[in-house]
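Novice: Chains as they are written, first to last, in my numbering: chain G, 1 to 719; chain S, 720 to 906.
Please note: incorrect hints may appear among the correct ones.
[Claimed, not checked] Beyond 12 Å from chain G on every Cβ pair, some chain S residues (computed): (1) A748; (2) I771; (3) T774; (4) Y805; (5) E841; (6) P845.
[To be verified] Okay, the calculated bits of chain S under chain G, using three or more residues with CB under 8 Å as the criterion: (7) 749-763; (8) 867-874.
[Unchecked claim] Simulated coverage check for chain G against chain S, where a stretch passes if three residues somewhere in it have a Cβ under 8 Å from a Cβ of chain S: (9) 400-409; (10) 670-681.
It should be emphasised that the hints constitute simulated quantities derived from the structure, not laboratory data.
All residues carry an ideal CB built from backbone N, CA and C; glycine is no exception.
One-letter residues, chain by chain:
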Amino acid sequence: MSIDLSQFHQTFFEESLEGLETMETGLLNLSPEELKTETVNTLFRVAHSIKGGSAMFGFSAITSLTHVMETLLDHVRAGRAGIDRLLVDALLAAVDCLRETVLAMKDGGGHDDRHIAASEAQLQRLLPAHSGIEVFGAPVRKSIDEPEGTDQPEGKDVAVGATWRIGFRPFPNLFKTGNDPLRLLRALAGVGKLAVSADISRLPAFGDLDPECCYLGWDLTLDSDVGREAIGEVFEWVEGNCDLVITPSSGGPIPLPEPVLPEVPEADHHESVLDDPHPSGHAQHGEPPRPGSERRQPQNPLQQSPGAEASSIRVSIQKIDALINLVGELVITQSMLSQCGQDLSSQKADNSIGGRLRDGLAQLARNTRELQESVLGIRMVPISFSFNRFPRLVRDLGHRLRKNVELRVSGENTELDKTVMEKIGDPLVHLIRNALDHGIETPEERRAAGKPDTGVLHLNAYHSGGRILIEIADDGAGIDSRKILARARARGLIAEGDPLPEDRIHDLIFQPGFSTAAEVTDISGRGVGLDVVRRNIKDLGGVVEVRSRAGQGSTFLIKLPLTLAILDGQLIRVGEHVYVIPLVSIIESLQVRKDRVSSIAGTAELYQLRNEYLPIVRLYEVLNVVPDNRRLDAGLLVVVEGDGQKAGIHVDDLLGQQQIVIKSLETNYRRVTGISGATILADGTVALILDIQGLIAMSRGRSPPLRSASLPDEQRIAA
Amino acid sequence: MSTRPKNDFGALDLTAGLGSDQYLTFILAGEEYGVNILRVQEIKGWTGVTEIPNTPDYIQGVVNLRGTIVPIVDLRRCFGIKTVDYDKTTVIIMLKVTAQRGERTMGFVVDAVSDVYDVSAEQRRPAPDFGSAAQAGFVTGLATVAEKMVILLDIDRLVETRMGPQDQKPGDIAQDVPVLEVPKGNI
Numbered sequence: 001m002s003i004d005l006s007q008f009h010q011t012f013f014e015e016s017l018e019g020l021e022t023m024e025t026g027l028l029n030l031s032p033e034e035l036k037t038e039t040v041n042t043l044f045r046v047a048h049s050i051k052g053g054s055a056m057f058g059f060s061a062i063t064s065l066t067h068v069m070e071t072l073l074d075h076v077r078a079g080r081a082g083i084d085r086l087l088v089d090a091l092l093a094a095v096d097c098l099r100e101t102v103l104a105m106k107d108g109g110g111h112d113d114r115h116i117a118a119s120e121a122q123l124q125r126l127l128p129a130h131s132g133i134e135v136f137g138a139p140v141r142k143s144i145d146e147p148e149g150t151d152q153p154e155g156k157d158v159a160v161g162a163t164w165r166i167g168f169r170p171f172p173n174l175f176k177t178g179n180d181p182l183r184l185l186r187a188l189a190g191v192g193k194l195a196v197s198a199d200i201s202r203l204p205a206f207g208d209l210d211p212e213c214c215y216l217g218w219d220l221t222l223d224s225d226v227g228r229e230a231i232g233e234v235f236e237w238v239e240g241n242c243d244l245v246i247t248p249s250s251g252g253p254i255p256l257p258e259p260v261l262p263e264v265p266e267a268d269h270h271e272s273v274l275d276d277p278h279p280s281g282h283a284q285h286g287e288p289p290r291p292g293s294e295r296r297q298p299q300n301p302l303q304q305s306p307g308a309e310a311s312s313i314r315v316s317i318q319k320i321d322a323l324i325n326l327v328g329e330l331v332i333t334q335s336m337l338s339q340c341g342q343d344l345s346s347q348k349a350d351n352s353i354g355g356r357l358r359d360g361l362a363q364l365a366r367n368t369r370e371l372q373e374s375v376l377g378i379r380m381v382p383i384s385f386s387f388n389r390f391p392r393l394v395r396d397l398g399h400r401l402r403k404n405v406e407l408r409v410s411g412e413n414t415e416l417d418k419t420v421m422e423k424i425g426d427p428l429v430h431l432i433r434n435a436l437d438h439g440i441e442t443p444e445e446r447r448a449a450g451k452p453d454t455g456v457l458h459l460n461a462y463h464s465g466g467r468i469l470i471e472i473a474d475d476g477a478g479i480d481s482r483k484i485l486a487r488a489r490a491r492g493l494i495a496e497g498d499p500l501p502e503d504r505i506h507d508l509i510f511q512p513g514f515s516t517a518a519e520v521t522d523i524s525g526r527g528v529g530l531d532v533v534r535r536n537i538k539d540l541g542g543v544v545e546v547r548s549r550a551g552q553g554s555t556f557l558i559k560l561p562l563t564l565a566i567l568d569g570q571l572i573r574v575g576e577h578v579y580v581i582p583l584v585s586i587i588e589s590l591q592v593r594k595d596r597v598s599s600i601a602g603t604a605e606l607y608q609l610r611n612e613y614l615p616i617v618r619l620y621e622v623l624n625v626v627p628d629n630r631r632l633d634a635g636l637l638v639v640v641e642g643d644g645q646k647a648g649i650h651v652d653d654l655l656g657q658q659q660i661v662i663k664s665l666e667t668n669y670r671r672v673t674g675i676s677g678a679t680i681l682a683d684g685t686v687a688l689i690l691d692i693q694g695l696i697a698m699s700r701g702r703s704p705p706l707r708s709a710s711l712p713d714e715q716r717i718a719a
Numbered sequence: 720m721s722t723r724p725k726n727d728f729g730a731l732d733l734t735a736g737l738g739s740d741q742y743l744t745f746i747l748a749g750e751e752y753g754v755n756i757l758r759v760q761e762i763k764g765w766t767g768v769t770e771i772p773n774t775p776d777y778i779q780g781v782v783n784l785r786g787t788i789v790p791i792v793d794l795r796r797c798f799g800i801k802t803v804d805y806d807k808t809t810v811i812i813m814l815k816v817t818a819q820r821g822e823r824t825m826g827f828v829v830d831a832v833s834d835v836y837d838v839s840a841e842q843r844r845p846a847p848d849f850g851s852a853a854q855a856g857f858v859t860g861l862a863t864v865a866e867k868m869v870i871l872l873d874i875d876r877l878v879e880t881r882m883g884p885q886d887q888k889p890g891d892i893a894q895d896v897p898v899l900e901v902p903k904g905n906i
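Using the sequences plus the hints, can you model the full thing?
Specialist: Structure representation (structure tokens):
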């Protein structure tokens, strides 16, 4: 009956990491002033499920640490321990420790048990003095059927050297929860002398038997000096999946006839055992359990967790992408049908069938559109997944920098594609660190500047024009233009005495290797940073800008596409071929004026645009296709920028702009130079998406290498 | 749940390879070729394709197959046979190809589809030495079905030998590094 549990490890790791995130958020919301029972319950629940998982997989270090966390949280819940900074810090440290451990295990590496032990010891110290975990007389943490949070002393139930009678009736789904009753029985046998009698009364006829259900029940008599709590612990993992009655029997062990494999009469015997009510035991349970009758489900918060999980399911991205593809096809089919319907109903104008067809098609169009929207919505997640880690970051950094910072978060329910969200995390962390380190001043400085001691960092997200905008605003010192200007001159980025508008100066901080921090701290200031932030955001198809006013603070504004799978495209035509140019790379499009074209050495062509010279890329030449016209002034020039280099792409015509879904050529074919992917147009045909950088490189390969002429320095910066 | 369903088709039987395989056959320049039917995803009539610039001439272009982009190979050009105009019997056979990078789908333009045959081990003959080693690589055997000769193709090998090395242009990032492999013969 051995199952390879390692196949479930990954799920355990993922769920644990998610749980730890929840815990962290919960801990940061805890405050000494008001005890939020729900929050504490959540924390408790998370600790408990991680403990459960780790125990199942045998990660004992995690189990013992979460166990202490759980105990501590239970004390908090019962009001026996107060919430103070010390406690929150210790729990946060434990969360970190667990996260590290889980991550290390996830990557297949080992983990440092000492680290865990240290964290555990730290928590142990915070436990109220007399509440060792296994101490007799201590309040029962989770006695079966105990209502949530109640605090029933049950010293009178504890009888040292006593005999315990245990009625154990697992629910049929016990095996499905990963439990094995045999293991429980063995564990009990390990603590004392155990007599077992099985109850087979629920066993169905052989034909009806489902091998995955547990039909057996057991009556156990345990002769041991352990307390009820210790017995309860054995059954801890099956709580909620069984009916369990534990009663002390003060007399000597009840002689049970045969320990195992009883015949049917044994069931009757079992009835008699339970029918013999044991006053003290039943008093504790509040209501006398009737064998066979429905038992009240334990009102323990632990039992709520399956319900909470059921509200979302894990689906692989491939499945979702396949669904999105199919819906895309459906939309194409639908538009084809609509076209047919229109042609048909215009022919027979007042035909009732035509009318019905038209109505039906209109409805189909609506439904298809809604379906497409909701399917695309599957990939969308609220940005709070990313924002949630920032309260912790701000708190810790504030401590270290001795700055008082209040983090305000708004718009955390704004949705964006999961892939974009995963990739925006690091740039955001960087900007927040930056704001704390360089932006917000120390309390002394703030007081001197007439500002409140506590600085405010405002994180905001919202949708605008099909994009998501994220603002990181601080009310700190702002960017010192003079300092930046001096620094830029010193580094030779701009010429002496060149006047620059304020916003252009601020933009300089995104230059590589640019740092005005007086000293390098371990938080920021090494000068590798904002340029990386800008590049990362650009890779996502977004932009980052900064606005700042000296003494009043700075605001970083990030604009991102909602999803990586969709881009705004400009359709262009060369001969009979339609291509897509990503709109982000287009600067402008213009009619070619012959007198602005000059050719160098008869091969390379340049176009004079204001005070720049752009190399001309004739698309038909690069792509080897037949154009309408080879004359430059018969077509249009699309001015594009790729990787800091501008070029003019010569095309026959501009068609419409539309949002396109990016498809990979590599899935079934391979990478093609000059082409970054493909998309499916409304009529179901394929159009290729041009790779601007690749095209420029290709055209350079055909003609002598040319940069976009030599430009004065400040224009390179502007570019 | 009770008993395994009876299986009349050798190709669907889990013990295929020992007995007979099913082959879909198609016509190309008067000859009949066969591919393992388990590789066939679908057969569709010739429709327009979108050309991909700067690719070998046997790559006709790409089409949209239910939301994925699938390259289309002209098998006549690929075999170096004189090309003809596409007509109403011209079809694209979509096949699953297992290459080094994993499974992908490609379409092959052929003159017409012909039939589906059960080819047993006795009917199959090893391919004679054609002289050209590359050519022999993707022909796994010949089968005689109803007095006709059917040329059995190993489509993986074909893609590997034909579209592996020649498809790389200098300066390209080598993604399909050709690897010498023993052909996956069925014999």
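Novice: With reference to the structure, classify each hint as holding or not holding.
Specialist: Verification of the hints:
no.: 1; hint: A748; result: holds, 25 Å
no.: 2; hint: I771; result: violated, 6 Å
no.: 3; hint: T774; result: violated, 7 Å
no.: 4; hint: Y805; result: holds, 17 Å
no.: 5; hint: E841; result: holds, 36 Å
no.: 6; hint: P845; result: holds, 31 Å
no.: 7; hint: 749-763; result: violated (count 0)
no.: 8; hint: 867-874; result: violated (count 0)
no.: 9; hint: 400-409; result: violated (count 0)
no.: 10; hint: 670-681; result: holds (count 8)
Hints 2, 3, 7, 8 and 9, counting from the list given before, are not met by this structure.
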